[in-house]
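We have chain A; now place chain B onto it with these hints.
Protein chains: 2
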Amino acid sequence: MKIALAQINPIIGDFEGNLERIQSACTRAGEEGADLVALPELAVSGYPPRDLLDCPEFVLENQRTLDRLVKSVSGPAVLCGTLLRVQGHGGKDLANGAVLFRNGSILAETRKILLPTYDVFDELRYFRPGDTPLCFDLDGIRLGITICEDIWNFAGFYDEEGYSQNPVEKLASKKIDVLINISASPYRVGHPEKRRLLGRKIATTFGIPFVLVNQIGGNDDLLFDGYSFALSASGEIAARAMGFREDLVVFDLENCGKKFNDVRENEEEEVLEALSMGVKDYLHKCGFKKAVIGLSGGIDSSLVAVIAARALGPENVTGISMPSPYTAQESIDHARRLAENLGIAFHIVPISSLFETYKSSLASLFEGFKEDVTEENIQARIRGNILMAVSNKMGWMVLSTGNKSEVSVGYCTLYGDMAGGLAVISDVPKTRVYALARWINREREIIPHPVLVRAPTAELRPNQTDQDSLPPYDVLDSILEGYVENRETVEQIAARGFPLDLVADIVRKIDRNEYKRSQAPPGLKISRKAFGSGRRKPIVHRFISR
Amino acid sequence: MKIALAQINPIIGDFEGNLERIQSACTRAGEEGADLVALPELAVSGYPPRDLLDCPEFVLENQRTLDRLVKSVSGPAVLCGTLLRVQGHGGKDLANGAVLFRNGSILAETRKILLPTYDVFDELRYFRPGDTPLCFDLDGIRLGITICEDIWNFAGFYDEEGYSQNPVEKLASKKIDVLINISASPYRVGHPEKRRLLGRKIATTFGIPFVLVNQIGGNDDLLFDGYSFALSASGEIAARAMGFREDLVVFDLENCGKKFNDVRENEEEEVLEALSMGVKDYLHKCGFKKAVIGLSGGIDSSLVAVIAARALGPENVTGISMPSPYTAQESIDHARRLAENLGIAFHIVPISSLFETYKSSLASLFEGFKEDVTEENIQARIRGNILMAVSNKMGWMVLSTGNKSEVSVGYCTLYGDMAGGLAVISDVPKTRVYALARWINREREIIPHPVLVRAPTAELRPNQTDQDSLPPYDVLDSILEGYVENRETVEQIAARGFPLDLVADIVRKIDRNEYKRSQAPPGLKISRKAFGSGRRKPIVHRFISR
Numbered sequence: 000m001k002i003a004l005a006q007i008n009p010i011i012g013d014f015e016g017n018l019e020r021i022q023s024a025c026t027r028a029g030e031e032g033a034d035l036v037a038l039p040e041l042a043v044s045g046y047p048p049r050d051l052l053d054c055p056e057f058v059l060e061n062q063r064t065l066d067r068l069v070k071s072v073s074g075p076a077v078l079c080g081t082l083l084r085v086q087g088h089g090g091k092d093l094a095n096g097a098v099l100f101r102n103g104s105i106l107a108e109t110r111k112i113l114l115p116t117y118d119v120f121d122e123l124r125y126f127r128p129g130d131t132p133l134c135f136d137l138d139g140i141r142l143g144i145t146i147c148e149d150i151w152n153f154a155g156f157y158d159e160e161g162y163s164q165n166p167v168e169k170l171a172s173k174k175i176d177v178l179i180n181i182s183a184s185p186y187r188v189g190h191p192e193k194r195r196l197l198g199r200k201i202a203t204t205f206g207i208p209f210v211l212v213n214q215i216g217g218n219d220d221l222l223f224d225g226y227s228f229a230l231s232a233s234g235e236i237a238a239r240a241m242g243f244r245e246d247l248v249v250f251d252l253e254n255c256g257k258k259f260n261d262v263r264e265n266e267e268e269e270v271l272e273a274l275s276m277g278v279k280d281y282l283h284k285c286g287f288k289k290a291v292i293g294l295s296g297g298i299d300s301s302l303v304a305v306i307a308a309r310a311l312g313p314e315n316v317t318g319i320s321m322p323s324p325y326t327a328q329e330s331i332d333h334a335r336r337l338a339e340n341l342g343i344a345f346h347i348v349p350i351s352s353l354f355e356t357y358k359s360s361l362a363s364l365f366e367g368f369k370e371d372v373t374e375e376n377i378q379a380r381i382r383g384n385i386l387m388a389v390s391n392k393m394g395w396m397v398l399s400t401g402n403k404s405e406v407s408v409g410y411c412t413l414y415g416d417m418a419g420g421l422a423v424i425s426d427v428p429k430t431r432v433y434a435l436a437r438w439i440n441r442e443r444e445i446i447p448h449p450v451l452v453r454a455p456t457a458e459l460r461p462n463q464t465d466q467d468s469l470p471p472y473d474v475l476d477s478i479l480e481g482y483v484e485n486r487e488t489v490e491q492i493a494a495r496g497f498p499l500d501l502v503a504d505i506v507r508k509i510d511r512n513e514y515k516r517s518q519a520p521p522g523l524k525i526s527r528k529a530f531g532s533g534r535r536k537p538i539v540h541r542f543i544s545r
Numbered sequence: 000m001k002i003a004l005a006q007i008n009p010i011i012g013d014f015e016g017n018l019e020r021i022q023s024a025c026t027r028a029g030e031e032g033a034d035l036v037a038l039p040e041l042a043v044s045g046y047p048p049r050d051l052l053d054c055p056e057f058v059l060e061n062q063r064t065l066d067r068l069v070k071s072v073s074g075p076a077v078l079c080g081t082l083l084r085v086q087g088h089g090g091k092d093l094a095n096g097a098v099l100f101r102n103g104s105i106l107a108e109t110r111k112i113l114l115p116t117y118d119v120f121d122e123l124r125y126f127r128p129g130d131t132p133l134c135f136d137l138d139g140i141r142l143g144i145t146i147c148e149d150i151w152n153f154a155g156f157y158d159e160e161g162y163s164q165n166p167v168e169k170l171a172s173k174k175i176d177v178l179i180n181i182s183a184s185p186y187r188v189g190h191p192e193k194r195r196l197l198g199r200k201i202a203t204t205f206g207i208p209f210v211l212v213n214q215i216g217g218n219d220d221l222l223f224d225g226y227s228f229a230l231s232a233s234g235e236i237a238a239r240a241m242g243f244r245e246d247l248v249v250f251d252l253e254n255c256g257k258k259f260n261d262v263r264e265n266e267e268e269e270v271l272e273a274l275s276m277g278v279k280d281y282l283h284k285c286g287f288k289k290a291v292i293g294l295s296g297g298i299d300s301s302l303v304a305v306i307a308a309r310a311l312g313p314e315n316v317t318g319i320s321m322p323s324p325y326t327a328q329e330s331i332d333h334a335r336r337l338a339e340n341l342g343i344a345f346h347i348v349p350i351s352s353l354f355e356t357y358k359s360s361l362a363s364l365f366e367g368f369k370e371d372v373t374e375e376n377i378q379a380r381i382r383g384n385i386l387m388a389v390s391n392k393m394g395w396m397v398l399s400t401g402n403k404s405e406v407s408v409g410y411c412t413l414y415g416d417m418a419g420g421l422a423v424i425s426d427v428p429k430t431r432v433y434a435l436a437r438w439i440n441r442e443r444e445i446i447p448h449p450v451l452v453r454a455p456t457a458e459l460r461p462n463q464t465d466q467d468s469l470p471p472y473d474v475l476d477s478i479l480e481g482y483v484e485n486r487e488t489v490e491q492i493a494a495r496g497f498p499l500d501l502v503a504d505i506v507r508k509i510d511r512n513e514y515k516r517s518q519a520p521p522g523l524k525i526s527r528k529a530f531g532s533g534r535r536k537p538i539v540h541r542f543i544s545r
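Protein sequence lines, in the order shown, are assigned to chains A and B.
Using numbering that gives the first Met the number 0, the letters of the first sequence correspond one by one to residues 0 to 545.
Using numbering that gives the first Met the number 0, the letters of the second sequence correspond one by one to residues 0 to 545.
Only chain A is shown next, with the shape it has when bound in the complex:
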């Protein structure tokens, strides 16, 4: 049996388009001699549909599309993720399911059993779980079918508490010939490799070939990396799809001996691919073609410009330098050089006269008060207003440029540098920003070299540097990773060698700035725990972590 792994990029709710994507994958799979085509989780609607599932018409349209799909494909059997209505006994009556069909007839249906409800996942909000995983004999081959989370209940692999059952064990006990998993498994750094390690564990533990088909594409804050793969019963890679783009590969169950080494990608390249895909999909799926970025001459906006040029084409990206009285000439020069290196458009809009006009407009109200962070924020918000005006006038999307370190501790201005349609690197800590910049420059200068070595500065007052307000970024990022991603306590973090007061101060800053992040644009998730839909802290609370 030949199984095609059809890795598609659906758009949420684009039923007509998704139908065509699935049909064309099925046609290609047939041409390549596949007996079975496997498509990702919820391929008909795209994943995650979130509260569109509350709309009865959405579920109906999914069903109509599925009916058309089943009738339209001839040739190979098809396993496709889809919404399914289930008999209600009170409680949810919708399932995250899959259908197996061939030549117009549905052969079997199944439902996802383990419904992730943590981090960005809300599946118990929408779905009733299945109870028994599907085992189906197709042309003499016994298939075991699972959906995404169903395979993750192995020690060392699950993110949260684990589950009280393991569908893989149940299937393995039924002497299946191959285990297939259809997924919409979001990207985070290292996750493609973790998925393969899990696959190998399953294949070798139970001695069965293993196939995983994953969605690709960006949907709001979530990035799906694809990297679908098939493993032999001894855990060797027998087929493998590309990352971050649509692909189709065929796995021959009878001839899965050919060995590929399990390639570990370069981590920087993987992250850049992920973010580029995220920018491209967010804009294109929204109907935007072009982007505009405020170029400060610093490393964050430089990195965002590189990613945008890669994602959209340099002809679709415009950089704007908005110097104030505190902007060094070299900042403008670096921004211009970056734009030249990338081949993107570049403009300068000075903000000094605007800044002065604000100050005089507010002079009587602020009489007797000293200059403080207010005047810094006014500058940032002037820039936000200018970028948004360009966006409104030209129809370009503003990409905001704050990194995760800044956003964590609130070293950023609401409606200022936080303004934009998409926060490209808001899940990238500053230390990784540098690593990505060095990788980008590995062969030739793209980001002007001085940008990588200059002390980072917001340039919102004379001679300011980030380290006036923040600890060195390697220290800050280590504390952030402990607190935000790994849920360490203040004491646990301090025990790794940081002053207790410093850690407590950083943690307090993180907690207090929830109000800013709650108004941030969506950010592309590349870590275990990003700010955004997967982190739901109250804005108002008095809990002090210790």
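Each hint should be verified, as a subset may be incorrect.
Which copy is meant is left open, because identical chains are indistinguishable; a pair holds if it fits in one copy or across any two.
Unchecked claim - Result set (DMTMM-like, lysine to aspartate or glutamate): computed pairs, CA atoms no more than 25 Å apart in a straight line:
id : residue 1 : residue 2
1  : LYS288    : GLU375
2  : LYS508    : GLU480
3  : LYS358    : GLU374
4  : LYS289    : GLU370
5  : LYS392    : ASP510
6  : LYS392    : GLU314
7  : LYS536    : ASP50
8  : LYS289    : GLU375
9  : LYS358    : GLU375
10 : LYS536    : GLU513
11 : LYS169    : GLU267
The set of hints was computed from the structure by calculation and includes no laboratory data.
This is chain B only, laid out in the frame that chain A set:
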């Protein structure tokens, strides 16, 4: 048996403060002769703690506080909502529970069985459900104990799909003498009455007295109204606490004959109480004392100023008029008159020179382009920047003033009029804004009378009115209610007597403006479905409702 209904206002994670609130309620209950004190759901931590539950220290601190509470109260027995750790078999190991204790000893524990996971509720994200409701004999009285959602599985009362079991029926079959429900049940218009109707249904169906204790206070977007009550076995009100403030009332189980009529509050007054409490709690629990509001001379900002003055005291509210070249003199006059009527501070900061400076700064970039919505948004964002500057300089919170009708269709400017710490009326449709204004003015003019009769206008270009872009507000609000709150399809709404094209256009606008709302400040929920944490639509999707 005398049962005290102790309706407290906890702050999320303020374990020390919540402990004192509970202890002082217990002391008062003892003084009033109570044998049992009932406190709300999760009274120890406050509800909802959201992802603070992911923090192991939070759960530990809850346990330590509970231990101190149990040891510290003497006299009456206490029933108190709290987090409980449960034995794990894989899966969540935390419960939304309650303990019954007296004189230092825990008599019983129980767990919430029905865990709401829809709208603003995420309980299956955190909790393992209980399976059997608690029935406990205290001093010869058989108590049936339920937690919030546990009582809601009655046809006509549940919001979503219902559940496959009904803990109330299970308890009733055990011959209980009284059913007690401890809740943190969020406010929405009409919900206090609905809760009493449910209580009456339970009391009369099973012939048992019924007690419901509800949390009060605002926590982020959620408002808890209190209105705790006790009913006799025949469904008559025997005790009743106030709405929107802390209270304690005692219900005498042996003498619950005294009849109160089921008073239907005035709806406008109820909403004003709710919003005032929301503003007060959001600011005070955040550590703010004062607020600043942009006063346009229109009805929305006027209403917000009235609510703020009521919530914080007029001495803590400042209104700022920011006239542009398109602002009518009467708008400034009305804003000033409102401020005088309320006794709040009032300033004028003209924005014409700023607007001109933006236009000249952008002139070369915008050469050849006509004026359009860009210039309107620039004005709104200048005002946002001024208000935020005042906020930064003075430490006052900006209250944003957009109503639900505007926010629905995107008739508002991101980083402009949407800027602020709290969106006070973003769940109040324009027609209700008018109704509230008329109620406020019922005895004397507080909001200047012309504001109520003048055609609404954003004054962002000459002679603009809202109805240039939008249908009449009664039409718009009826469509919004159908689509957002009642999940009607376009055709169902049109069938109520609106042109199909108009309905489709409005629904498309609602869908397309998700990106703006995703960056809005938290808004106070007063309807069945508010924008915010309970409505999780994708930003990027292609589904077209029909």
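Hint by hint, here is what the structure shows:
1. LYS288 with GLU375: Close across copies (24 Å), not inside one copy (32 Å); limit 25 Å.
2. LYS508 with GLU480: within (14 Å within a copy, 39 Å between copies)
3. LYS358 with GLU374: Classified as both: same-chain Cα gap 8 Å, cross-chain 21 Å, threshold 25 Å.
4. LYS289 with GLU370: between (38 Å within a copy, 21 Å between copies)
5. LYS392 with ASP510: between (37 Å within a copy, 22 Å between copies)
6. LYS392 with GLU314: within (18 Å within a copy, 42 Å between copies)
7. LYS536 with ASP50: This pair counts as both: shortest intra-copy Cα distance 20 Å, inter-copy 5 Å.
8. LYS289 with GLU375: between (29 Å within a copy, 22 Å between copies)
9. LYS358 with GLU375: Both, since 11 Å and 22 Å are each at most 25 Å.
10. LYS536 with GLU513: So LYS536 and GLU513 pass the 25 Å test inside a copy (7 Å) and across (21 Å) alike.
11. LYS169 with GLU267: For LYS169 and GLU267, the Cα distance exceeds 25 Å both inside one copy (39 Å) and across copies (58 Å).
Consistency with the previously given hints fails for number 11 only.
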